[in-house]
Structures are given as C-alpha cells and as structure tokens.
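Engineer: Take these sequences, add in the hints, and give me the full structure.
Chains as they are written, first to last, in my numbering: chain P, 1 to 694; chain R, 1001 to 1277.
Just so you know, these hints were derived from the structure itself, not from any lab. Glycine is no exception: its CB is placed at the ideal position from the N, C-alpha and C atoms.
Within a straight-line C-alpha distance of at most 20 Å, the following computed EDC-like cross-link-like pairs (lysine to aspartate or glutamate) qualify:
#	chain 1	residue 1	chain 2	residue 2
1	R	Lys-1112	P	Glu-632
2	P	Lys-559	R	Asp-1135
3	P	Lys-691	P	Glu-681
4	R	Lys-1159	P	Glu-632
5	P	Lys-429	P	Glu-316
6	P	Lys-672	R	Asp-1135
If you only want the chain P side, here are some residues facing chain R, beta carbon under 8 Å, derived:
#	residue
7	Gln-612
8	Gly-613
9	Met-616
10	Gly-617
11	Asn-620
12	Met-625
13	Ile-626
14	Val-627
15	Gly-628
16	Ser-629
17	Gln-630
18	Asp-631
19	Glu-639
Facing chain R, a subset of chain P residues (Cβ under 10 Å, in silico):
#	residue
20	Leu-619
21	Gln-621
22	Glu-632
23	Gly-633
24	Val-637
25	Gln-641
26	Lys-672
27	Gln-673
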Amino acid sequence: MKSDIQKVRNIGISAHIDSGKTTITERVLYYTKRIHAIHDVKGKDGVGATMDSMELEKERGITIASAATFCQWQGHDINIIDTPGHVDFTIEVERSLRVLDGAVLVLCAVGGVQSQSVTVDQQMKRYKVPCIAFINKCDRSGANPSRVIGQLKEKLGHNAVAMQIPIGLEADLEGVADLAAMKAIYFDGDKGEDIRIEEIPEELLPEALEKREELIDAASMFSDELMEAALEEAVTEELLISAIRKGTLTRELTPVFMGSAYKNKGVQPLLDGVTRLLPCPSDVENRALDPENDEAEVILTANPEDPMVALAFKLEDGQYGQLTYIRVYQGTLSKGATVINARTRKKVRIGRVARMHASQMEEIDNIPAGYIGALFGIDCASGDTFVSPRTNLTMTSMYVPEPVISLAIVPKDNKAEINMSKALTRFTKEDPTFKTYVSEETGDTVISGMGELHLEVYVERMRREYDAPVTTGMPRVAYRETITKRAEFNYTHKKQTGGAGQFGRVAGYIEPCTEGDFTFENKVTGGSIPTQFIPACEKSFKGCLKKGSKMEFPVTGVKIVINDGASHAVDSSEMAFKAAARGAFREGYAKAGPVIHEPIMKVVVETPTEFQGSVMGSLNQRRGMIVGSQDEGPMCVIEAQVPLSEMFGYSTVLRSLTQGKAQFTMEFSGYKQVPKTVEEELIRKAAEEKKNVA
Amino acid sequence: MLHKGKKSVASCQSSVVRCSGKLATDNGQLATDNTVIYLKERNFNMLKKELIFRNPLRLMGHDTEDILLPGGFGAVLARAGLGKTAILVQLALDSLLRSKNVLHISLADPVKKVCLWYEEVFRNIANQYDVRQIDQLWEAILPYRLIMTFNVDSFSVPKLEERLADLTEQDIFMPQMILIDGLPFDESVRGPLTDFKALAENHGLHVWFTVKTHRHETPGPDGMPTQLLNVKDLFEVVFQLRPEEKNIHIDALKGGAPNSDHSPLFLDPSTMLIRNA
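Structural biologist: The structure is reproduced here in structure tokens:
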C-alpha cells in the first residue's frame, strides 16, 4: 500500500435535506470511475443512487449511519464519510466527525443556508473541521450564488469567498469561470465528463476580475508572499491556492465552489478543490484521551513508527462476518499484529486487513497513520479504540451517558420478533447510548436512548432494514430517586417461629454522596457483625437501590456506612443479614428525605427574532429555565434547561409557533429534583396505574 | 456602619465556635464528630445571608443593601483586561443571592462565555468562604439570572424594550437589576443612555455598565475619563479599576465609599474577587 500521506483526503459531505448531497456523491463516484453509470435519486430506472441506501434518511432529512466510500482523483485517495446531522446521535456525530479531516458543505443556490446547514455547520465548528462550500442547483430558476455567499457570511459567520463565478445561470448555466486560473470551464459529453477549458467570455471578464480581486484580498491575509505579489500584480495560481489553503485549514476562510450536480456541471473542479484545499491527515492535529490521567488530552503524531492508535468507526455485516471500518491515527496497524481494545482491555489479533478499492476489496498488509481501512472478523463495537500493547489511550471518552428516555416495543408478529432481536443486537453494538432490556414487570422489550427522535429512528430502522414492524408504547422518562439528608438506621431482623431461627442487627447511617451512584463503607469494629456477613449486607443494600421505596425508581447518589450490629452464634446467617440490611435500608431511607430527580435537557432553539417572545413563553410553560438568548442578526438563539418529560412533541409546537421557521436541538444536561407539585402528580399517576394493573 | 457589618459577622462566627465548646462542657464529654458536623451544617438561607454579609461589596456602597438606588446608574471603568466583567458578575451574584432578578446583557461575549464567568466567580467565592453546599446554592440562584447577548451594532434601547416586554408580558422574567457589558461609550452615547435612564426609572431598575478606558487618554479635571465626561450626570456611582504594581485598586470616582474612612478595596488578580486590605 502506498503511503504518501500528503495525497490522502478523508472528507465528509454535509448538507441540508434535498440540497443534492446524494446527487453530488453519485457524480463524484462516477467521475472518479468508482461507478460506471449514474442513477438519479428519483430516476426512471428505479435503481436509485448508490449512496442512497436508507429511505429514512431522505424522509427525515438526517443521516443516520456513517458509511465510508473510497475513490481516487488526480492521484489522491479520497475517503468520503457520511456525517449524521442530529444531536440525538451525539456519539455517532462525534465518532464520524473525528474520522474526517475536512468537509464539503453543500448549499442550495435557491434555498441558501437552511436550518440543517446551520446544524451541520455548528457541528463542524465544534470539532474544528475545515470546510469548503459547494453551491449546488445553479441551474434552477431563482438560483443566486452570490446571495448564498452573503448568507454564508451573515448566518454562519464564515469568511466565504467565491472561487468561481457561474457562466450563465438558471436554465442557461453553461459552466463556471475559475477565478484562480482565470479560465472558463465547460462540461461536455453526455455526463459532463469531458472538460473543455477556454478563455473567460468577454462579457463576464469585468465581473470575474472584480471577484478575483476579492479572492486575492481575502487570501492575502494568510500569506505575506501573496500580499507582496498582489502589490506587484504578479499573483500566480499556485501562490493564490496555497494562501487559500492556509486560510481554509485554520477555518478562517471558506472557499466557495458552484455548479449543478444534476446537470453534471462543476463537480470536477470541486474535486480539485478537495485535493488542493482540504487538509491531508498530517495537517490535522488529532487528540486522544488518557484514561489513566483523568481523560487528559494527548496529541497524536502521524508517525507510522509510533505506537498504534486506531478508531473503529463503523461496523457492517458482510458475507464474511463483521466488517469493521477503522481509521489509524498514529503508528501502523499491521496484519497479524496483536492490539488491545482500549474499552475492554482485551487482546485482539488482527487477521485480514483490507481497503475498499473500486468495486472490490483489496487485501493489504498494513494501514499506516491517516488511512482508513477495514478489518474482518474482529469482535468490537463501533467507537472502540485499538492501541498497541502497553499503550493506554482512547479516542472517545469512556464516559457513556445513561439513557434518559425509554419506550416499550412489541413486535407485530412472530417473524418480526426474530428480526427485532437481530436488529436490537446490532443497534446496541453500534451505539453505546442505545440500550435494550426486558421489563421484569410487564415482560415487554424496552429500548432506551438519548431522546425521542433517537428512539423513533431506531424503530423505523427496525421496520425498514430488518422487516420488523413493532408497536410502541408511551415514552417514559428515566426518573431517579435520591436522598437529601443523613439518617441513621438500626434494624434487627429476628425470626424464631418454626424452623431454623434468623437473627441479625445492622446499624449505621445513610447519607447523600456526590461521587458515584453508590458507596458502601464498613466501619464495624470489634466483630459485632462477623466479617463473613459484611458482603451479604453490601449486596443486599445494592439490591435495595434498584427500586427506591418512594416511587420504585432506581436510587442513586447514596453512601451507606455500617458501624455496628449484632449476631447470634447459631441463628445468624447470610440470609438473616441480607434481610436485616433490607430492613435497615427501608428504615434509613424513609428518614433521609427521599426525593425524585428527573432528567433535564439543554434545549437550544434557533428562531427568527420576531418569534423570540413566543418561543421563550413556550419554554417557560414547559417548566424551562431560560439561560439566555443570543442575538445573531435576523435569528436569535435561545438556550434553556427544560425537563425531558415536558419536551415530548415540542417539535410540532415549535413549528406551529414559528411558521416552521425555528429549529431546536436538545441534549442531556443532568438530573434535577422534581418540584413538589409534579412529584405529587407522579405519585398519583403511579397509584392509578397500579390500580389498573390490579 | 459598614465596618460594623463586617464585625458582626466575625462575632457571629466566633459564637459558633464558642457554642460548640459550651455544648461539650455542658454534656461533660467531648463533642463527637457528629456534633461538629451538625453545628457546621448551616441553614441554607443563613448561608446565603452570610455570603451576602461577608461580601466586601458591602463596603462599596451606602447603608442600603444595594449600592444603587432604584433607577440608578453605576459604572465600572477600567482598561481592557483588568476585570470589569468580574466586578459586574460579583455585583450580579450578590443580587442573585438576595433573590433579585438580574438581566445580564453582553454586547461582546456569547452566552456560553458569560455563563463561564459566573461559574468561575461563584466557585471562587464559594472556595474563599468554604461553602460546602455549592451545587445546591448554585441551583438555587440560577433561576434569577437571564443572559442576553446582542451584536454591538444592532443593540438599541427600543430593541431592549421590545425584548423586555416579551419577557415581562408573559411573566417569564422581571429584571430588577440590569448589567450591560461592552457598550461603547462614544460621542453618540448620551442619547440612548438618556432613554435608558427613563426606562430604568420607570421600572425601578438598578443598572450597571462597564466602560472601557484607554491608557493614552487624559482624564478630565475631576479624574473622570473622557468616555464619561459627557454623561457623568446620569451616573450615581462610578468605580475605576487602577492597576498599581501587583494590585488592582478599586477607586470611587463618584458615589460609593470605598476609600472614605476605611481600608481600600482591591481586586485580587488571582481569584478576580473584591477584597479589602
């Protein structure tokens, strides 16, 4: 495998729904000879586009799974990684954004910067991914690339500069004029594969010169050499491109390309842009976390000789078993090597190593740093980090947030039941924030995750990909119980009626604790509780935490200390002490001021300013605490902390409040105590449910 | 009077210590660990009161709880990077502890950065006074705070009035104190400030501004920097941060009483908290 890292690009293509992301990807694959025919998204041939595997993605405007495709352009290897765009899939987002070094932000020449573009842009900003923009659909009526460039500046705060101007617009779109080379590019042939380069038409020359000046002005901020050349009027294409690249890599400049993927215009110059302007893996500083040092960040080197660090970012079921897509960040991953899975600390032997090449897989000996490859038959979950032995680093945080919402699902028939279990096994492996279990009380299968949409998407995927239709119950919020004050207990368990007697006394105290969910401390001195019974006490206390006596929610944040007790030479047993500990917990817990905690979400609403009042009102009605509002020109961003239980169906409410112009994102923030009135309501509802079950 | 306040805190503290000592002798046995913990577990409101009481901010103002009277304007002047925002946040936290609604308007920083300022200053205060229930206290004061950010160019009094109406009509938030961080005090500031003064007087608001001064500008005859010369009549209280060697002095240019008869006030550069000598 050749390893000129300078010629590798790992990129993502992000866009608002219907901006033509699929069409662009299809053209890219065609021009790079990865596929031999173009199928349109809704084409008459009924094949559908190559990357368009998930119908659900189209419907909801979000990309759910991150797939990787490989192609080659002008001697460069380009890996295209799909990027999911919804905050409910936090871990998935983080994972795929870590894998890519640069991105293409696709915008519609008519629609401009739309809500989804804002979301994906925010994510790129968060992960500092350099990007170039592509204004698609310049053939549509109403297309106006310069307006979109203006929106990129105003709405997204990009320092956007045009790299091209269109030759003709709307139905008359013929090609583009390249402002760096000052040449006109036309796309001939049936599928635009023949590129014809000519002089820029005379009537366009003044505009082209003016825009080129703007481009040089913006780029010269990043290169003194270019600045000097500009003063002497001796700007060369190479000098200009290298200055633009510098600005792009630091995210201080966003070069804008344009065209119409559907009409096969402008895609090849975009690919040139990807290879010339976006970073190669060694241009990007990657960081790993050191779990032994409080997850402190460690900078990785792109040196293939250093200890290996790699991230498994995507799993795929293939005919040879599980195929694991992997990106190597440091060192070299070689065939036959033994590596450690940082999550499980288990040794893994690398069997076959492959890379995706044209339409088939090519087996290779190693994957050097910066490259993306695939492994066969490795048992791991996506997001796992593989490291060389004696290295302890992880690419993603070991901290996986607990699910905050759950939903009971019932398969529609027998076939669906079998498929459902297959689907669930796969989803839980792919997404650590998605969990599933069988409820002991109702016997239902319960799925839990990070938000309403998160679960909805999995239910849809079950139906579509696994042919497992399920009916769902009402979503349930994961409430918790905890205590607010210290309380003492002293409980004696005594049973002397019939059979062997039982005796055990457990005394101590229970108190709130902020570190961890449960801490147990044994302060018994003088053997008042014999040592062999202490583990039984601890186990029993632990068992009690599964269901608090207040509302039967799990109990967290509790420290239990036992400091005294009594035993009987004959009648004391493990069982007796378990029973005593249960009684002691009940006694102490009731006195310790138990309260219910609910998950609180950080909700960020982006709305046109005129709806600010009504949006704030709607959040306030939902027991939300408004943290702040940020004015950003015509839009404003409102941040609030709102209980999850109040957020069901909020998207519909928000749409109707703002004529569909606002959008919101929501992520888990923490647990907070439920107000008294809500607590009473919860207790009343629980009692009613119990009655109904009985 | 102000000094008395400080004294009474000290005596109150010692009484706690004596009290535990007394308990021990009355019972005729040594106080166990438990007793000490119970004594230290202060009532939540008491804790708040104590924090308010011990705050050196008390030394900045008059006899009233607030340094400003309703409808009053206060200004914190300093060169860039000396700690204007830190002072503003301490003024806000003091009001928040007294359950007064504070609207923090930033024209320079995003909401996230303003939040960080509050967290940092609050943590430092809590550390300084050894507050144990820091999380609880933080949760308790947060609902009284609202942050708004605007672009400097698009900020205007009518726009703010519109936003305030949004908040008050729906009973979402009724500010009692407004902090404005980053308003440029140029030649044209008098107009908007006069409008704002009327708004503040109508609603009985206490309003604090930060004013950025420059090293190269010579102040007016009364020590007032050029930025305020034209509008000083609108302000009741003006403080200036003055770096001298390793310390940052807080001088009162108008109103307030930091230097009148007691020890001067400083801004501790390491914690960004106000302290007296």
